[in-house]
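**Student:** Residue numbers (numbering that gives the first Met the number 0), protein chains in the order written: chain A, 0 to 467; chain B, 0 to 467.
These aren't lab readings, by the way, just hints derived from the structure by calculation.
The structure displayed is predicted, hence computed values, not measured ones.
Do not take every clue at face value.
For chains that are exact copies, the list does not tell them apart, and a pair is met inside one copy or across any two.
[As the list claims (entries may be wrong)] Subject to a maximum C-alpha distance of 30 Å in a straight line, what follows is the list of computed DSBU-like cross-link-like pairs (lysine-lysine):
id, residue 1, residue 2
1, Lys321, Lys369
2, Lys448, Lys64
3, Lys321, Lys64
4, Lys328, Lys130
5, Lys321, Lys57
6, Lys57, Lys148
Listed below are the residues making up each chain.
Protein chains: 2
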Amino acid sequence: MGARFEAYGWHVQSLPNGHDLFSVEDALNQARACADQPALIICRTHIGYGSPEQDTAKVHGEPFKEEHYKATRTHFGFPPDQPFHIPKEAQGHFRETAARGTRLEADWRGRLAAYAKEYPELAARYQLVMKGDLPADWDAHIPEFTPEKDGAMATRDCSSKVLNGLAESLRGYLVGGSADLAPSTKTYMTGHGDVGFHDFAGDNIHFGVCEHAMGAGVNGLALHGGLISYCATFLQFFNYMSPTVRLAALMKQRAIFVYTHDSIGLGEDGPTHQPVEHLAWLRAMPNVLTLRPADGNETAWAWRLALTRRDGPTVLCFSRQKLPTVDRKQHASAENVAKGAYVLIDCQGEPELILISGGGELCFALEAHKQLSAEGLRVRLVSFPSWGLFEAQPQAYKDSVLPPQVKARLGIEAASPQGWDRYLGPVSEANFIGMWGFGASAPYEVLAKHFGFTVENVVAKAKALAGK
Amino acid sequence: MGARFEAYGWHVQSLPNGHDLFSVEDALNQARACADQPALIICRTHIGYGSPEQDTAKVHGEPFKEEHYKATRTHFGFPPDQPFHIPKEAQGHFRETAARGTRLEADWRGRLAAYAKEYPELAARYQLVMKGDLPADWDAHIPEFTPEKDGAMATRDCSSKVLNGLAESLRGYLVGGSADLAPSTKTYMTGHGDVGFHDFAGDNIHFGVCEHAMGAGVNGLALHGGLISYCATFLQFFNYMSPTVRLAALMKQRAIFVYTHDSIGLGEDGPTHQPVEHLAWLRAMPNVLTLRPADGNETAWAWRLALTRRDGPTVLCFSRQKLPTVDRKQHASAENVAKGAYVLIDCQGEPELILISGGGELCFALEAHKQLSAEGLRVRLVSFPSWGLFEAQPQAYKDSVLPPQVKARLGIEAASPQGWDRYLGPVSEANFIGMWGFGASAPYEVLAKHFGFTVENVVAKAKALAGK
Chain A
0 MGARFEAYGW
10 HVQSLPNGHD
20 LFSVEDALNQ
30 ARACADQPAL
40 IICRTHIGYG
50 SPEQDTAKVH
60 GEPFKEEHYK
70 ATRTHFGFPP
80 DQPFHIPKEA
90 QGHFRETAAR
100 GTRLEADWRG
110 RLAAYAKEYP
120 ELAARYQLVM
130 KGDLPADWDA
140 HIPEFTPEKD
150 GAMATRDCSS
160 KVLNGLAESL
170 RGYLVGGSAD
180 LAPSTKTYMT
190 GHGDVGFHDF
200 AGDNIHFGVC
210 EHAMGAGVNG
220 LALHGGLISY
230 CATFLQFFNY
240 MSPTVRLAAL
250 MKQRAIFVYT
260 HDSIGLGEDG
270 PTHQPVEHLA
280 WLRAMPNVLT
290 LRPADGNETA
300 WAWRLALTRR
310 DGPTVLCFSR
320 QKLPTVDRKQ
330 HASAENVAKG
340 AYVLIDCQGE
350 PELILISGGG
360 ELCFALEAHK
370 QLSAEGLRVR
380 LVSFPSWGLF
390 EAQPQAYKDS
400 VLPPQVKARL
410 GIEAASPQGW
420 DRYLGPVSEA
430 NFIGMWGFGA
440 SAPYEVLAKH
450 FGFTVENVVA
460 KAKALAGK
Chain B
0 MGARFEAYGW
10 HVQSLPNGHD
20 LFSVEDALNQ
30 ARACADQPAL
40 IICRTHIGYG
50 SPEQDTAKVH
60 GEPFKEEHYK
70 ATRTHFGFPP
80 DQPFHIPKEA
90 QGHFRETAAR
100 GTRLEADWRG
110 RLAAYAKEYP
120 ELAARYQLVM
130 KGDLPADWDA
140 HIPEFTPEKD
150 GAMATRDCSS
160 KVLNGLAESL
170 RGYLVGGSAD
180 LAPSTKTYMT
190 GHGDVGFHDF
200 AGDNIHFGVC
210 EHAMGAGVNG
220 LALHGGLISY
230 CATFLQFFNY
240 MSPTVRLAAL
250 MKQRAIFVYT
260 HDSIGLGEDG
270 PTHQPVEHLA
280 WLRAMPNVLT
290 LRPADGNETA
300 WAWRLALTRR
310 DGPTVLCFSR
320 QKLPTVDRKQ
330 HASAENVAKG
340 AYVLIDCQGE
350 PELILISGGG
360 ELCFALEAHK
370 QLSAEGLRVR
380 LVSFPSWGLF
390 EAQPQAYKDS
400 VLPPQVKARL
410 GIEAASPQGW
420 DRYLGPVSEA
430 NFIGMWGFGA
440 SAPYEVLAKH
450 FGFTVENVVA
460 KAKALAGK
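One chain only, chain A, in its complex shape:
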């Protein structure tokens, strides 16, 4: 193990007796003195040291009995019957430490006050970021997307524009990077420099192909405070870092996880790279806000929600394939992303049928809605970027989007059908176009057709559901 860490370039010390506290102190001092390497101290120790069960697995897996406590206390020269005992010397040392801490804190506060006098703006910024607040202009450079200007864009490309707009307002505050996939996830903040081995001069972090360490790093930055951080890889590779997203959720930390290539829409790389169960999985994980926007403006709102969320992680799922920009002059505002689901296009009177879709598949529902309406059907189209946000809405809002009396509903999502029963009634191939198994390798257009993601298929199933 030592040789392994030496091979990584770490400063490694091996202590033959990790119970010898003087040698541990000495090793810690040497590690501290080593400024240009991370340090590892390997302490050879006895499990359950000083207890009658020493050197057995029992001390890990089973609670002590009273006699074990007593024998252990006796071994260390403590009163055998006293559950808590603090030796005089230790108490004296703790008290000194407290006094030193108070003194150091007072010194530091004095220096901060002097700094604030000399550099009031920088000090205000420092205090703002340490509180985790956003500056007034944080969203000033988020672009608006229009069909005329932007045409069809992959949401990963929309995300790049939004991220770079955010970075403009949040220089030195918003930091992040990818697991060696910046060109594919489009998560590089142009002109913001790179974090190097020995400095924090830039905002872009090159995490390397180490998804788990990347997620852990983002969580660490969030816990430290003073920085808002994101990381990025393909949605399929969430498999390699799910423990870190789970911990962010459990610790209620603002950590932003960007996952692109979010469906069979990635095409040729095939089923090993194509998420199927991942959306269901993320939606089942408590306290994770998952957003899968359908176009540029939904992407902008997804990023807004990620930045303003303070009590848990946000997962942003983006497409590799191009998606048309929804015309927001004609249809509902993307601001509604904050409600999780919203009526994007409605019909006159009560709908005969509701199309529910989101992310990379909304485009098929959009086109189908146009055709079905032209044929005289009363169809509502609901865009559904986030289940979690929708579930958090008042029942009245939920019923206004999905009126309980309208039972004819068609769901379209390139993912596992699991959970869709909640919105569609019992799911079958009649009311859901989705992924019933793994994907396949082919150009996206071929896959979309193969798995039923076509306007024709949406139209045909919609008509069957509406009894036309």
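Let chain A serve as the given structure and place chain B on it in line with the hints.
**Tutor:** Coordinates of chain B only, in the frame set by chain A:
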């Protein structure tokens, strides 16, 4: 990287030019000659070697244009316009290889025939295991569990008895182990010896705390054939090995994954160790058979199904906490596990209410069923060990277990509510007792009460649903 693998005890060679095929051949020969170490050959190479895009990331991420193909063919002295070209020398070499292979195979078949003549029983066994078939007596030693004999047992302990019964019939065929958790997952095959570094004398594999490598190892054994293999850890640590289970599913391999400590029922270790979203996640993964038995006999049937499944992985989820053995003389047979869900106890006439539960929570529903029946309610109790198997049943069977006209249904599972809408109608706290967020750390009895897993709560919610 080389030093890291040397630290692991590997035989490491570093080639300065990985395009020099003679040095690669030489290194391969040296690696083969090294019998007692795994070997690593590090080849320094140029990405896109010989193409005009050599040494750029483009050759990884973007398809070649026609001019790139032509230039690359020219570089290697191939006809520039021919998509496929096999040099004469290569063709000659391939043909020799084919002839040699045919000869070697004939030799080997001859030796096998001679062996079969001398050792007909061993040869028959060899052919059986290489086909992946089970011997006639494979299930002869699976125990039956009764309330009188077994009382309350954790399903991990039931699993241990079943596994050891299987091992008796499948010595040298069934191999497996855990990620340093044999005493906790109860997956050691007693008296079957251990697989060592240099021999395969035993059946128990000590994988170490390397869940991902463990899963990959089990997949490799399945792909090789001749062995049926399982591995084990806590369900929470599925997070560290999910890619391997996914690959087993994609490759349609018989790999058996045992996960114990499958809910808040593990108690004190707290939310970092308590699965919540994991069942939903597993159920959403295509081609994974997930089983969560409720007592000893369901556990035996779960293992039977795992052994007989040939076209994909099986996940077995077991409890740490004790669960009462269901009286199979009075109630339905555990054989019904094969159908995914079954009526464990029925009422006279059409039920007013259906209780649906499984695994570690069935016990609460069992007790509640008794109380509710005593109060004169017509209640059906459905045990639900596997969603996937239930979904694969004919509609008529599904309707016989969960009659569509009986809308009053209460689900009880210590897991995410995701997906339960399919069986309960729109899920809420009124019709589902489950985990709406992360768990907590406390003795199991305290947690069960805190999260509503009590007979009283089941009875109260059941009555409210039945309008009593």
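**Student:** What hints, given by number in increasing order, does this structure fail?
**Tutor:** Hint 4 is the one this structure does not satisfy, whereas the remaining hints hold.
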